[in-house]
Amino acid sequence: MIGRNDPCPCGSGKKYKKCCMSRDRAAQEAFVAVSSAEDPIPDELNPDLAAWKEVDRQLIRKGMARIDRANLDFKKLNEKYWGKGTVERWQRDGVSEPETQEFHAWLWHDWRKTRHSKTLAEKMATDSSLTIEESQVLAGMTASFRTVYQVVRLDPGEGVELEDVLEGGRVFVHDRGMSFSAEKWGLIFCRVYPAGPYHFAAGGAHAFPPREKGFIKAFLSYELEKYQRRYPSASWREFLEGKPEIFGRLTAKLHERMRRPPRLVNTDGEPVAICKAHFEVANPPDYVAGMRTHPELEELTASKKEEGVEFVWKERRGEKTILLGWIVLNGNRLLLECNSRARLTRGSELLGKIGALKKRGEEIKEADEILTEVVGRNDEESSGSYDELPEIPPEAHAYLEEAIRRHYEEWLDHPLPALDGQTPRETARDPLGRQRLIDLIREMEYMEHRQSRPGYVSYDWNKLRRRLGLMEE
Numbered sequence: 002m003i004g005r006n007d008p009c010p011c012g013s014g015k016k017y018k019k020c021c022m023s024r025d026r027a028a029q030e031a032f033v034a035v036s037s038a039e040d041p042i043p044d045e046l047n048p049d050l051a052a053w054k055e056v057d058r059q060l061i062r063k064g065m066a067r068i069d070r071a072n073l074d075f076k077k078l079n080e081k082y083w084g085k086g087t088v089e090r091w092q093r094d095g096v097s098e099p100e101t102q103e104f105h106a107w108l109w110h111d112w113r114k115t116r117h118s119k120t121l122a123e124k125m126a127t128d129s130s131l132t133i134e135e136s137q138v139l140a141g142m143t144a145s146f147r148t149v150y151q152v153v154r155l156d157p158g159e160g161v162e163l164e165d166v167l168e169g170g171r172v173f174v175h176d177r178g179m180s181f182s183a184e185k186w187g188l189i190f191c192r193v194y195p196a197g198p199y200h201f202a203a204g205g206a207h208a209f210p211p212r213e214k215g216f217i218k219a220f221l222s223y224e225l226e227k228y229q230r231r232y233p234s235a236s237w238r239e240f241l242e243g244k245p246e247i248f249g250r251l252t253a254k255l256h257e258r259m260r261r262p263p264r265l266v267n268t269d270g271e272p273v274a275i276c277k278a279h280f281e282v283a284n285p286p287d288y289v290a291g292m293r294t295h296p297e298l299e300e301l302t303a304s305k306k307e308e309g310v311e312f313v314w315k316e317r318r319g320e321k322t323i324l325l326g327w328i329v330l331n332g333n334r335l336l337l338e339c340n341s342r343a344r345l346t347r348g349s350e351l352l353g354k355i356g357a358l359k360k361r362g363e364e365i366k367e368a369d370e371i372l373t374e375v376v377g378r379n380d381e382e383s384s385g386s387y388d389e390l391p392e393i394p395p396e397a398h399a400y401l402e403e404a405i406r407r408h409y410e411e412w413l414d415h416p417l418p419a420l421d422g423q424t425p426r427e428t429a430r431d432p433l434g435r436q437r438l439i440d441l442i443r444e445m446e447y448m449e450h451r452q453s454r455p456g457y458v459s460y461d462w463n464k465l466r467r468r469l470g471l472m473e474e
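So the sequence shown is numbered by our numbering: it starts at 2 and just counts up by one.
One or more hints might be untrue.
What the hints assert, rightly or not - The following label-pair restraints were derived from C-beta to C-beta distances:
| no. | residue 1 | residue 2 | range |
| --- | --- | --- | --- |
| 1 | 90 | 243 | 32 to 38 Å |
| 2 | 254 | 333 | 50 to 56 Å |
| 3 | 342 | 173 | 48 to 54 Å |
Hints in this document: simulated from the structure, not taken from any laboratory. Owing to the predicted nature of the structure, the values given are computational and were not obtained by experimental measurement. Virtual Cβ for every residue (Gly too), placed ideally from N, Cα, C.
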């Protein structure tokens, strides 16, 4: 759930409540009754697929039974997979079902007593009680390896299409449950293996937001380099097969990273703070004329600000434009808003050179205050029920769709700190920044899905991609 004071996922650099929250809330409240009898899951599965699914389930049951019978030091193995201190943490906080699933999948498919010994799954291949189909699926399992996938397409009732984040390539996984539980653009760690004419997946109990893709790739690339010091020619596959417990460490790191309050800095590396300075302007018409001629100030169109005039403060640095602040003049009252103390000081000096004005006060909220408020707000907003939201007439949906359309029309030409001060349209023409724009839109789409509820008016993200000259996804 996005908190009121979280950075807006659209990349504007503003707080969510001052950017897209009103649009999203209006859409969330535009509910229509949804019959509980509507079930998107078909009554019957493809009989052939169902048969292969049953083979897969029986095979997993036999594998788990072998683990239960094995004389293993589970404390030592858990620490090998998750890192030291795991058992003590679980004794204190408890162990989750996804953690149990991830550990058992690694223990069966990947753990080797020595580098050259067989895994439990490989040993199971000699079991004469296996059926031909079970042996076939098991062979596919043991030939596969765990890697990082991103969900790129959902086919409800059928499965999901996954993209290999590290080596590229896509595969369709036939999993009805995943088709309804997975979120588009989410990141998962799993292995994909053939079962007859289909593909199944093992693992993926934990999912992570698309914004963590950079951290995941950097973490694994660093570990690969370390591994290559010992095995110089090792490929991604050889590394992930040779050190499969890396995913336990990575999962633990990601959970720690997501629990830890982020260090908030702007593009200049300055600590983020919500900083506002209030002024009184002596001669508003002359002052507006002065702002319009200043090279670092750009006036936003009247449609973006119903009252007064609004300017963005920008600075050109080489090939990039950095967004430094917002200025609003309403009557003789002027507001400067920046995301750091240093920028507020610089901006105040800039405004003082344009014309006569008198400072009336400042408001500064540090990063720790922001994060504390976010946690508190999220707790407050987590209560409530869909049933409490009123139904509205169908014509309201058309209104909301138009409001969302206008919002993203403006977003195309708005400078964004997430794009180093460039607009989405400018970044789309920049070969170096294009992938960052693609990932930003994916993150926005992912967050919209997490926010959506029955009756939510969703946005056509491919329409936005077409406007930017990006491929549809």
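Each hint tested on the structure:
1. The given range of 32 to 38 Å is broken by residue 90 and residue 243, whose C-beta atoms sit roughly 27 Å from each other.
2. A beta carbon spacing of about 53 Å between residue 254 and residue 333 agrees with the range 50 to 56 Å that was offered as a hint.
3. The hint said 48 to 54 Å for the Cβ distance between residue 342 and residue 173, and at roughly 51 Å that hint holds.
Violated hint: 1 only; the structure is consistent with all others.
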